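Numbering (numbering that gives the first Met the number 0), first residue to last: 0 to 344.
Honestly, I wouldn't trust all of these hints.
As the list claims (entries may be wrong) - Straight-line Cα separation of at most 27 Å, DSS-like style, residue types lysine-lysine; simulated pairs:
| # | residue 1 | residue 2 |
| --- | --- | --- |
| 1 | 127 | 117 |
| 2 | 127 | 81 |
| 3 | 86 | 247 |
| 4 | 86 | 242 |
| 5 | 254 | 242 |
| 6 | 117 | 81 |
| 7 | 247 | 12 |
| 8 | 21 | 254 |
| 9 | 86 | 127 |
By construction, these hints were calculated from the structure, which means they are not laboratory data. None of the values given here were measured: they were computed from a predicted structure.
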Amino acid sequence: MGVDLGDIISRSKISLDEFAGKTFAVDAYNALYQFLAIIRGPTGEPLMDRQSRVTSHLSGLLYRTTNLAERGIRLVYVFDGKPPSLKDTEIKRRRTIRFEATTRYESALSTGKFEEAKRYAQATSSLKDLMIDDAHRLLRYLGVPIVQAPSEGEAQAAYMAARGDVWAAVSQDYDSLLFGARRLVRNLAISGKRKLPMREAYVQVEPELVDLTSTLQTLQLSREQLVDLGILIGTDFNPDGFKGIGPKTALKLVKEYGRVERIAEVNKDVVPPPELDRIREIFLRPAVTSNYTLEWRESDVESLVQFLCGERDFNEERVRTVVERARTAMAKESGKKTLESFFGS
DNA sequence: CTAAAGGA
DNA sequence: TCCTTTAGG
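Using the sequences and the accompanying hints, generate a full structural model.
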């Protein structure tokens, strides 16, 4: 689930307008999982075409990408490669959670408890190969660039944000900061009031910006210390963190003692795991590639329509409308005649 | 998640 | 017109 830094770092609410003209590297798996979890029908089933192929992720990807493009926001999607072997435990843990959620979902469904079913259904999401292929195709037809990460997509996106090839990394997880992203943007979507499922509560979902330099400045930490802080709380590579240590305590300990080894000398509950240095390496010297080009092309509207409408049962008028709106808005924003000149170089 | 329909 | 609910695939 990523490292739980939410309570100790400062986030600033930002209007989408301030992002106009900027480029963002999106952690694609993070986004696709969210679409898969949230875009569901009344009984908790994801959206599907006539052949029962899931389409929730395509719906989310299409609307979000075109909506943001319409506001002058350029996205590049970064896909995961092979996860580090240290992530195996976490991957197994997630599989167990999905399995249990699936069981509960099915039993709630069979007893007619649809509201309960829907709640469990959200946790059953798993990204299949076809979904990844479909997401690739959708983005290709839209003319949106894709970067294939050698390992963690979040690390690659952070690297791109660290180099300044993009303005910020986009993810719901704070790990991007540990990976060195200069800026992290969360909730990059069309803002508005959203009602929480099963509650009478509404929340204002607005994009949030986290700046790495000012975060470190405020906390009075180095990035190495931020990584150790994350390891104390728990990361995907040591999911349990340390017994009895949450964000607040971890921050205090890191500020006082500097690094995990020194904390361990004083606190018996802190036993440095043997793979401590390997975890640090994942964040501080992640496997990334500089072999990518960020080139936005004119959308291939006919291929897109053939794919989404011909193969996946989307409504043709809707698809043409959202894509066309995005194209004209961007051409207008650039003050130039074509999308190509807007996106080019 | 958004877009579109439905109610106040 | 604004806000809430439902459909979409």
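If any of the earlier hints don't hold here, list their numbers in rising order.
Numbers 6 and 8 - these are the hints that the structure violates, sorted from lowest upward.
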